[in-house]
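Sequence lines, in order, name chains A and B.
Each step along the first sequence adds one to the number in this note's numbering, with nothing skipped, and position 105 is 180.
Each step along the second sequence adds one to the number in this note's numbering, with nothing skipped, and position 3 is 5.
Take these hints with a grain of salt, some might be off.
[As the list claims (entries may be wrong)] So these bits of chain A aren't anywhere near chain B, every CB distance computed over 10 Å:
{"id": "1", "residue": "LYS110"}
{"id": "2", "residue": "PHE120"}
{"id": "3", "residue": "GLY136"}
{"id": "4", "residue": "GLY171"}
{"id": "5", "residue": "ILE178"}
{"id": "6", "residue": "PHE310"}
{"id": "7", "residue": "ALA354"}
[What the hints assert, rightly or not] Simulated crosslink set (DMTMM-like; lysine to aspartate or glutamate; CA at most 20 Å straight-line):
{"id": "8", "chain 1": "A", "residue 1": "LYS170", "chain 2": "B", "residue 2": "ASP124"}
{"id": "9", "chain 1": "A", "residue 1": "LYS84", "chain 2": "B", "residue 2": "ASP86"}
{"id": "10", "chain 1": "B", "residue 1": "LYS46", "chain 2": "A", "residue 2": "ASP186"}
{"id": "11", "chain 1": "A", "residue 1": "LYS113", "chain 2": "A", "residue 2": "GLU81"}
{"id": "12", "chain 1": "A", "residue 1": "LYS84", "chain 2": "B", "residue 2": "ASP87"}
{"id": "13", "chain 1": "A", "residue 1": "LYS366", "chain 2": "A", "residue 2": "GLU346"}
[Claimed, not checked] Some residues of chain B that are not near chain A, with every Cβ distance over 12 Å (derived):
{"id": "14", "residue": "LEU65"}
{"id": "15", "residue": "SER66"}
{"id": "16", "residue": "ARG110"}
{"id": "17", "residue": "PRO115"}
These are calculated hints, taken from the structure and not from any lab test.
Here the structure is a predicted model, which is why all the values come from computation and not from measurement.
All C-beta atoms in this analysis are idealised placements derived from N, C-alpha and C, irrespective of residue type, glycine included.
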Amino acid sequence: MNQNQEIQKLVDGILNKQIRYIAKAISFIENSEYKIKKPFLKLIFPYTGKASIIGITGSPGAGKSTITDKLIKAFRNDNKSVAVLAIDPSSPFTKGALLGDRIRMQSHTTDPFVYIRSMASRGALGGLSQATKDAIKVLDAAGFDIIIVETVGVGQSEIDVVKVADCVVLIFAPGFGDEIQAMKAGVVEIADIYVINKADLDFAQKLFKEISDIANLSQKQPKPAVLKTIATNTFQESGIDLLKKEISNYLNFIKNSSNLAKKRQYFIESELIDTLSKAMIDKILSNQNIKSFFDKATIKKIYNKELNFYTVIDKIMEAI
Amino acid sequence: MRKIRILIAKPGLDGHDRGAKFIARALQENGYEVIYTGIRQTPKQIALAAVQEDVDFVGLSLLSGAHNELFPKVVEELHNVGADDIIVFGGGVIPNSDIEFLKSKGIRAIFGPGTSIKTIVDFIENESKSRNSKIG
Ligand code: B12
Ligand SMILES: Nc1nc2c(ncn2[C@@H]2O[C@H](COP(=O)(O)OP(=O)(O)OP(=O)(O)O)[C@@H](O)[C@H]2O)c(=O)[nH]1
Ligand SMILES: [Mg+2]
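Kindly produce the complete structure, drawing on both the sequences and the hints.
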């Protein structure tokens with residue numbers, strides 16, 4: 076089979092909701108260069124835009140996966156189909172990754188209306204992986220009602236999830252010392268809903284008060300809800316049903332107030348710029364004429380100050 | 003370039019998880035993407051997780067003695083979901099006399115206590131080379 080036929084087979088499989096093809100398509104996206112996967116992405120683009128995308132983020136070990144597991148159950152109780160992308164970090168040294176989020180969600184593995192995929196960050200620093208955005212499109216085209224994206228454990232600046240999720244849930248847990256202080260800079264402001272998990276532990280109430288104060292100051296519309304959960308309790312006693320209700324309320328609110336359309340247009344805008352940079356680099360690197368502008372000899376000349384770095388850039392830009 | 007993905011799983015009720023965790027970590031340190039699914043998985047759960055994760059290999063770990071029953075079941079479940087191409091291998095406390103039987107049931111290799119990681123990595127690299135690389 077040639078490339079086009081294989082791509083068509085993937086697309087057909089996805090539209091027929093066949094898990095094997097959905098899974099293969101995500102690997103294809105993860106492993107291929109932009110110009111190889113573009114024809115595929117082009118074919119699925121018309122089928123995207125229907126799913127609700129929920130981002131689950133927070134510090135390492137806060138309980139993101141445990142909460143995701145129970146959220147899947149809550150949405151399944153409403154008869155919604157659910158897909159999960161769970162991202163864990165790749166080692167910058169070995170490039171390998173140990174992907175453990177799935178352990179907490181194994182009870183859903185045999186449910187045909189649930190799909191769970193672990194992804195390694197593969198060097199991306201924003202809390203997602205390069206391929207996450209396109210993987211979401213595959214799941215969206217496959218018709219999942221809800222797509223949950225669990226980010227890597229975040230610290231201060233990993234906020235790429237705001238560029239993909241309709242609703243961002245930020246999870247805190249007591250026992251991380253000055254974590255809020257450290258987070259204030261960037262991460263804290265991204266939340267549409269705050270969750271204090273591990274409410275069974277000491278200092279949860281104190282944390283709840285602190286976060287409530289932050290949420291009260293928020294300029295967001297609607298004001299972020301602040302919830303307490305104990306994700307390790309039984310479903311009924313975990314507080315996750317309430318979290319699901321808050322998420323649904325939030326999604327309804329932004330749908331009806333046209334904020335969702337604004338958000339999605341912002342996603343498209345930021346993705347346009349990202350994708351365009353990739354496409355440009357592809358184009359530049361595949362043009363032999365342009366490539367000669369920065370061969371080894373040129374670089375040596377720049378190093379020896381025989382050539383001005385910025386003159387070289389100007390010349391390349393002119394040649395494009 | 004395709005990154006090799008490996009699912010490490012423990013079928014059945016065996017709670018000995020040190021070896022499985024050790025192998026998972028060692029494979030990660032050798033550059034693979036490893037998904038560990040924890041203890042007490044049914045063969046069906048393992049097969050479905052392998053398909054959802056689109057792994058190239060499933061590595062099974064058992065120390066309880068139930069390997070002759072459970073390892074072939076995993077191969078069977080993979081077959082049932084049309085994923086015969088996924089390579090199954092295993093390790094744990096497994097008598098040498100059982101290895102022939104397990105191989106006849108489709109388990110490609112068994113690595114017992116004391117196996118060096120290099121031996122396991124060589125196995126993965128060799129098997130990967132002989133898999134044809136299609137899309138995904
Ligand atoms: C530590 C241990 C325990 C710990 C387990 C802690 C844990 N969380 O893992 C505890 C104390 C809890 C325990 C309990 C029991 N144990 Co115990 N335990 C052991 C012991 C001493 C060592 C196992 C171990 O951790 N080894 C270290 C790891 C790193 O080695 P490994 O698992 O073999 O893994 C290596 C290889 O096998 C291989 N490998 C393993 N998995 C995989 C997978 C892949 C894909 C690959 C490539 C390679 C690979 O690579 C690893 C590195 O070389 C063994 C005896 C032994 N010498 O094996 C008994 C042993 C396994 N236990 C045994 C038994 C019977 C039990 C109990 C039923 C009660 C009892 N009598 O103690 C309970 C049952 C627990 C349960 N829920 O299932 C028996 C099993 C008998 C059998 N097979 O017929 C053994 C063999 C002892 C014996 N000789 O009787 N046990
Ligand atoms: N006491 C208590 N422990 C919890 C609660 N929720 C989760 N845990 C435990 O916290 C640990 C981490 O939970 P995970 O769900 O894996 O956390 P995570 O945020 O997904 O972790 P990473 O993905 O590694 O960043 C596990 O041991 C859970 O059992 C809770 O409400 N109370
Ligand atoms: Mg997690």
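These are the hints, each one checked on the structure:
Separation of LYS110 of chain A from chain B is adequate, the least Cβ-Cβ distance of about 15 Å exceeding the 10 Å criterion. With a minimum CB-CB distance of about 18 Å to chain B, PHE120 of chain A clears the 10 Å threshold, and the non-interface call stands. Separation of GLY136 of chain A from chain B is adequate, the least Cβ-Cβ distance of about 16 Å exceeding the 10 Å criterion. Against the 10 Å criterion, GLY171 of chain A falls within the reach of chain B, whose nearest CB is about 4 Å from its own CB.
Some Cβ of chain B comes within 10 Å of the Cβ of ILE178 of chain A; the nearest lies about 4 Å off, and the non-interface call is violated. The Cβ of PHE310 of chain A sits about 19 Å from the closest Cβ of chain B, beyond the 10 Å cut-off, so the non-interface label holds. Here ALA354 of chain A stays apart from chain B, with its beta-carbon at least about 20 Å from theirs, past the 10 Å limit. For the hint pairing LYS170 of chain A with ASP124 of chain B, the CA-to-CA distance comes to about 18 Å; that is within 20 Å, so the pair holds.
Among the hinted pairs, LYS84 of chain A with ASP86 of chain B is consistent with the structure: their alpha-carbon atoms are about 19 Å apart, no more than 20 Å. Distance restraint check for LYS46 of chain B and ASP186 of chain A: the Cα-Cα separation of roughly 11 Å lies within the 20 Å cut-off, and the hinted pair is therefore satisfied. Restraint check for LYS113 of chain A and GLU81 of chain A: the C-alpha separation of about 14 Å stays at or below 20 Å, so the hint holds. Between LYS84 of chain A and ASP87 of chain B the alpha-carbon distance is near 18 Å, which keeps this suggested pair within the 20 Å criterion.
Taking the CA atoms of LYS366 of chain A and GLU346 of chain A, the gap is near 26 Å; set against the 20 Å cutoff, the hint is violated. No Cβ of chain A comes within 12 Å of the Cβ of LEU65 of chain B; the nearest lies about 19 Å off, and the non-interface call holds. Under the 12 Å C-beta cut-off, the non-interface status given to SER66 of chain B relative to chain A holds; the minimum distance is some 19 Å. Remark: the non-interface label on ARG110 of chain B is consistent with the geometry, its nearest Cβ contact in chain A lying 21 Å away (cut-off 12 Å).
With a minimum CB-CB distance of about 22 Å to chain A, PRO115 of chain B clears the 12 Å threshold, and the non-interface call stands.
Consistency with the previously given hints fails for numbers 4, 5, 13, ordered from lowest to highest.
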